[in-house]
Each structure stands twice: as structure tokens, then as C-alpha cells.
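**Student:** Sequence:
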Amino acid sequence: MSEQQGPRGGAGGGGGQRRPFFRRRKTCPFSGPGAPKIDYKDVKLLSRFVSERGKIVPSRITAVSTKKQRELARAIKRARILSLLPFAVE
1 MSEQQGPRGG AGGGGGQRRP FFRRRKTCPF SGPGAPKIDY KDVKLLSRFV SERGKIVPSR
61 ITAVSTKKQR ELARAIKRAR ILSLLPFAVE
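In this text, residue positions in the sequence shown follow this note's numbering: the first is 1, and each later residue adds one.
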């Protein structure tokens, strides 16, 4: 019992520290030149940001900026009310 446990349950010995994984920050698909406009009538574009269960995919996954995420959610909800998108998939 004199040996210390490491953070993953194994012996703490090892020595070599791993560098943290570097993930490049994704850019917003609605920012920049030539970016598509968010429109509630564009069902093909909106369906890219809705899961197969019919839920709006969060911005941390889609990399949409906060301002555009609010605009996107509003467009998806408007399209649902007009029956362009389903509320829930069966």
C-alpha cells in the first residue's frame, strides 16, 4: 500500500508528460465572404443543424457563433411552425 495511485488508477511512476491535444478552432459557417444567409425557407441548410431526432444541434458542435446560433434557432423554429421542418422525428 506504500505505492501511490496515479490519476488513472495505475502506478504513478511513468515519467513522460503528454502534451495536451491541440484542436484548431473551427470558424463559423455563416461568417465571412460567400457565407450562406440564414433563411427559414432554406430547409436544406437548416436540416444540417438539426439532429436526426429533430433537436437543434448546439453551437459547440457546429461551431456557429453565438449571434448566428440565435438567428439559426429562430429560423428553425419558424420553419417548424410553417411545417417546413418536423418538430420531432418518429
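No lab work stands behind these hints, which were simulated from the structure alone.
These numbers were taken from a predicted model, which means no experiment stands behind them.
Take these hints with a grain of salt, some might be off.
Unchecked claim - Pairwise CB distance ranges, derived in the manner of DEER restraints: (1) Arg-78 <-> Gln-17: 47 to 57 Å; (2) Arg-18 <-> Asp-39: 42 to 52 Å; (3) Pro-86 <-> Gly-16: 43 to 53 Å.
Said to hold, decoys possible - Distance condition first, Cα-Cα at most 25 Å in a straight line; then the derived DSS-like pairs of lysine-lysine: (4) Lys-77 <-> Lys-55; (5) Lys-26 <-> Lys-44; (6) Lys-68 <-> Lys-55; (7) Lys-41 <-> Lys-55; (8) Lys-41 <-> Lys-67; (9) Lys-41 <-> Lys-68; (10) Lys-68 <-> Lys-37.
Where is the CB? At the ideal position from N, CA and C, for every residue including glycine.
**Student:** Hint by hint, note whether the structure agrees.
**Tutor:** Hint by hint, here is what the structure shows:
{"no.": "1", "hint": "Arg-78 <-> Gln-17: 47 to 57 Å", "in the structure": "holds, 50 Å"}
{"no.": "2", "hint": "Arg-18 <-> Asp-39: 42 to 52 Å", "in the structure": "holds, 45 Å"}
{"no.": "3", "hint": "Pro-86 <-> Gly-16: 43 to 53 Å", "in the structure": "holds, 51 Å"}
{"no.": "4", "hint": "Lys-77 <-> Lys-55", "in the structure": "holds, 11 Å"}
{"no.": "5", "hint": "Lys-26 <-> Lys-44", "in the structure": "holds, 22 Å"}
{"no.": "6", "hint": "Lys-68 <-> Lys-55", "in the structure": "holds, 17 Å"}
{"no.": "7", "hint": "Lys-41 <-> Lys-55", "in the structure": "holds, 18 Å"}
{"no.": "8", "hint": "Lys-41 <-> Lys-67", "in the structure": "holds, 19 Å"}
{"no.": "9", "hint": "Lys-41 <-> Lys-68", "in the structure": "holds, 16 Å"}
{"no.": "10", "hint": "Lys-68 <-> Lys-37", "in the structure": "holds, 10 Å"}
Checked against the numbered hints above, the structure violates none of them.
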